[in-house]
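Construct the complete structure from the given sequences, taking the supplied hints into account.
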Amino acid sequence: MRHILSVLLENESGALARVVGLFAQRGYNIDSLTVAATEDPTISRLTLVTRGDDQVIEQITKQLHKLIEVVKLADLSESAHIERELMMVKVKTTAEQREEVKRCADIFRGQIIDITASTYTIQVVGTSEKLEAFIQALNGTQILETVRSGVSGISRGERTLSL
Amino acid sequence: MTSQNTQPELLSGGAMLIRALADEGVEYVYGYPGGAVLHIYDAMFQQHQVKHVLVRHEQAATHMADAYARASGKAGVVLVTSGPGATNAVTGIATAYMDSIPMVVICGQVMSHLIGDDAFQETDMLGISRPIVKHNMSVRRPEDIPYLVKKAFYIAQSGRPGPVVLDIPKDMTIPSQKFPYEYPKDIKLRSYNPNAKGHPGQIKKALATLLAAKRPVLYAGGGVILGRASDELTVLARKLNLPVTNTLMGLGAYPASDPQFIGMLGMHGSYEANQVMHNADVIFAVGARFDDRVTNATKKFCPDATIIHIDIDPASISKTINAHIPIVGLVKPVLQEMLHQLEKNKGELDQDALSQWWQQIQQWREVHGGRYDTSPSHLKPQAVIEAVHRHTKGDAYVTSDVGQHQMFAAQYYKFDKPNRWINSGGLGTMGFGLPAAMGVKLHYPEAEVVCVTGEGSIQMNIQELSTCKQYGLAVKIINLNNGYLGMVKQWQDMNYDSRYSSSYMDSLPDFVKLAEAYGHVGIRVTKAEELEPALERAFALKDKLVFLDIHVDPTEHVYPMQIPGGAMNDMFLSKTERT
Ligand SMILES: Cc1ncc(C[n+]2csc(CCOP(=O)(O)OP(=O)(O)O)c2C)c(N)n1
Ligand SMILES: [Mg+2]
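So the protein lines, in turn, are chains A and B. In this text, residue positions in the first sequence follow our numbering: the first is 1, and each later residue adds one. In this text, residue positions in the second sequence follow our numbering: the first is 1, and each later residue adds one.
Keep in mind that the hints were calculated from the coordinates and are not lab data. Yeah, the Cβ is synthetic: ideal placement off N, Cα and C, and Gly gets one too. Hints are not guaranteed to be accurate.
Claimed, not checked - Estimated spans, in silico, between C-beta atoms of each pair:
#	chain 1	residue 1	chain 2	residue 2	range
1	A	THR42	B	ASN322	32 to 40 Å
2	B	GLU577	A	SER13	54 to 62 Å
3	B	ASP118	A	MET1	40 to 48 Å
4	A	GLY27	B	GLN47	58 to 66 Å
5	A	THR38	B	ASP350	50 to 58 Å
6	A	MET1	B	ASN241	39 to 47 Å
7	B	ASP416	A	ALA80	34 to 42 Å
8	B	ASP292	A	LYS72	28 to 36 Å
As the list claims (entries may be wrong) - When the alpha-carbon atoms are kept at most 30 Å apart in a straight line, the in silico BS3-like pairs for lysine-lysine are as follows:
#	chain 1	residue 1	chain 2	residue 2
9	B	LYS204	B	LYS239
10	A	LYS66	B	LYS74
11	B	LYS150	A	LYS66
12	A	LYS66	B	LYS544
13	B	LYS417	B	LYS214
14	B	LYS151	B	LYS197
15	B	LYS197	B	LYS344
16	B	LYS204	A	LYS62
17	A	LYS130	A	LYS90
18	B	LYS299	A	LYS72
19	A	LYS62	B	LYS300
20	B	LYS197	A	LYS66
21	A	LYS72	B	LYS393
22	B	LYS51	A	LYS62
23	B	LYS346	B	LYS299
24	B	LYS151	A	LYS62
25	B	LYS151	B	LYS51
26	B	LYS197	B	LYS239
27	B	LYS205	A	LYS62
28	A	LYS66	B	LYS319
29	B	LYS527	A	LYS72
30	B	LYS393	B	LYS239
31	B	LYS544	B	LYS414
32	A	LYS72	B	LYS150
33	B	LYS74	B	LYS51
34	A	LYS66	B	LYS204
35	B	LYS178	A	LYS66
36	B	LYS319	B	LYS299
Right under this line is the structure:
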């Protein structure tokens, strides 16, 4: 099962290394990881996508809690939540393909954020699933480069993860 | 001491560090100097509150600090230089980490502006130690030193204890740069709250389950010793008439001479302890962590048992074995609450079921009963441990190294008190025994301190005989010399048709002469009849380190031994018998 863990972390050097080290050391996998400071500069928020059965996820959350710098954490996938990921794709476009690629980007509510005579750079935002679907949809177009931000997530409704 | 109306004293970073240690109540620091910590050593020299013990290898400093912590419950302190000094300390830090021992390790580091340049004696000690510490920190500003020392001790000693590394770049301790010193009284961290008392509802449920049990067992581990809860445990066990087994780390948590004690459990546990566990209907685990050397194959583990598990670390609960009634909390307050509830409720035990259970246990006790060949032709290691027990009236601090001798010590030295058995259970570090004995002896000079070791293990930190001379550490070394890396040989006997691949050590030193060369007393024992007089003499030499080189039967194996891949009660009972 895929889980999205949100972690509030003391914004101290070494804290992120500790989280990443924990996963490597105990053989847990990381599908994606994003981290940045929050509105409170002393706190970073980290979003981590991982996989495992219930027992593994329980161990992961307990082990994360044990890290001294972890202030709070939540498994977003336990309740209603919103997840977003940003992707930029640079594709090679022949003259005949340009119209088709643009239409495809529109369907996914993507934006063309840079162009050259032979390339488009397209930005798409959504769930990881949607981004994967977009890549599928580009089938037939030569992808030169993709870059993805990793998943960020937040709970729906009034539920919050804050101090 | 600063009073209300005087200005805080101005101290350098190095002096603040030492003063903070003094304010923390630290009496001894174990360490070894070098470039990055010279300012600190100079500050050390200029005061008399905190004393320094100069070891001969940094690993020994960590084991000394660790053993002091195991005996006293307070964090031990280590001071080493950057680079090789710090890396030499790594094994000792990992040893403490695996057994949840509070320790503060202060490592020098190159000057801040050189970090990252591969400077002379630079290693990323924060990176190296990260997986084997409870926490680590580095000093960025000298004025933070008092706070960081306080924080290091707080983290090391609270909750589930563990080692904390404090990395100090050399420019944080420059003698000419002084700052106002004030030691924080207490500390609060928003991200760390270690004092769980246990959920009263869960405690009630646990008690009801124990009262209704027909075949209960109390399985107590190192957490009881770390949590200073032996008294509560003993009272509760007696009130509930529970058979009690201790883990390797928990020996002494419940008195071994008590009739309710059924021995150690696990890989080399007693026949009865492993049978009781396997057949129990309720397992009451207290400060124990269902380690793989206890459970044997987890799929076959105790099929009928309802499991109650008290631990301060939630990550230890349901990690390998699912707990039906988890209680997250410090063992002492949880057991106190249980006793309190028991007083109020006056619940009834199922006396009939319990007396049947005890009859069954009695039968199991008679099956193996710790027997070994006592014919006088060979000097048996088990007999040596029993003799040491007699000569020390069962009241010594016993440290050990790792191997067969360790298991014999655990099985045959019947520990009646907590904090007396000091061994590296989690990491299994050969080389632990001698420095550990030194750490204990330094703090308890009046106590008898015995190091049970093997000719393999003792050579991993034998250089510390020199430190013993310098500080007058009159420990007794019981070298169970079987001429082999015995535990390795035992596995080779059992699984590799006795192909002794690198388990025989040729060219052993003359340990008696070696002890003498270091200024100590050495006694060799090669025959059974020499044992008693040798021990007599050794323990009479109160202020001497005595190295007893005792040549024991090299063919001996440790039994019982769980059969790999089996259930708890699948065991070899001797070279020819199995369950
Ligand atoms: C540092 C270290 N290296 C290797 C081992 C693996 N090991 C475990 S027991 C053992 C043999 C120990 O021999 P000795 O000290 O003579 O004890 P004996 O088993 O003979 O009593 C070895 C090599 C270990 N535990 N620690
Ligand atoms: Mg040996």
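For each hint, the structure was consulted:
| no. | hint | in the structure |
| --- | --- | --- |
| 1 | A:THR42 to B:ASN322: 32 to 40 Å | holds (38 Å) |
| 2 | B:GLU577 to A:SER13: 54 to 62 Å | holds (59 Å) |
| 3 | B:ASP118 to A:MET1: 40 to 48 Å | holds (44 Å) |
| 4 | A:GLY27 to B:GLN47: 58 to 66 Å | violated (47 Å) |
| 5 | A:THR38 to B:ASP350: 50 to 58 Å | holds (56 Å) |
| 6 | A:MET1 to B:ASN241: 39 to 47 Å | holds (44 Å) |
| 7 | B:ASP416 to A:ALA80: 34 to 42 Å | violated (58 Å) |
| 8 | B:ASP292 to A:LYS72: 28 to 36 Å | holds (32 Å) |
| 9 | B:LYS204 to B:LYS239 | holds (16 Å) |
| 10 | A:LYS66 to B:LYS74 | holds (21 Å) |
| 11 | B:LYS150 to A:LYS66 | holds (19 Å) |
| 12 | A:LYS66 to B:LYS544 | violated (45 Å) |
| 13 | B:LYS417 to B:LYS214 | holds (29 Å) |
| 14 | B:LYS151 to B:LYS197 | holds (22 Å) |
| 15 | B:LYS197 to B:LYS344 | holds (19 Å) |
| 16 | B:LYS204 to A:LYS62 | holds (24 Å) |
| 17 | A:LYS130 to A:LYS90 | holds (17 Å) |
| 18 | B:LYS299 to A:LYS72 | violated (34 Å) |
| 19 | A:LYS62 to B:LYS300 | holds (26 Å) |
| 20 | B:LYS197 to A:LYS66 | holds (17 Å) |
| 21 | A:LYS72 to B:LYS393 | violated (51 Å) |
| 22 | B:LYS51 to A:LYS62 | violated (39 Å) |
| 23 | B:LYS346 to B:LYS299 | violated (37 Å) |
| 24 | B:LYS151 to A:LYS62 | holds (22 Å) |
| 25 | B:LYS151 to B:LYS51 | holds (22 Å) |
| 26 | B:LYS197 to B:LYS239 | holds (22 Å) |
| 27 | B:LYS205 to A:LYS62 | holds (23 Å) |
| 28 | A:LYS66 to B:LYS319 | holds (14 Å) |
| 29 | B:LYS527 to A:LYS72 | violated (63 Å) |
| 30 | B:LYS393 to B:LYS239 | holds (28 Å) |
| 31 | B:LYS544 to B:LYS414 | holds (25 Å) |
| 32 | A:LYS72 to B:LYS150 | holds (23 Å) |
| 33 | B:LYS74 to B:LYS51 | holds (16 Å) |
| 34 | A:LYS66 to B:LYS204 | holds (27 Å) |
| 35 | B:LYS178 to A:LYS66 | violated (36 Å) |
| 36 | B:LYS319 to B:LYS299 | holds (13 Å) |
Checked against the numbered hints above, the structure breaks hints 4, 7, 12, 18, 21, 22, 23, 29, 35 and satisfies the rest.
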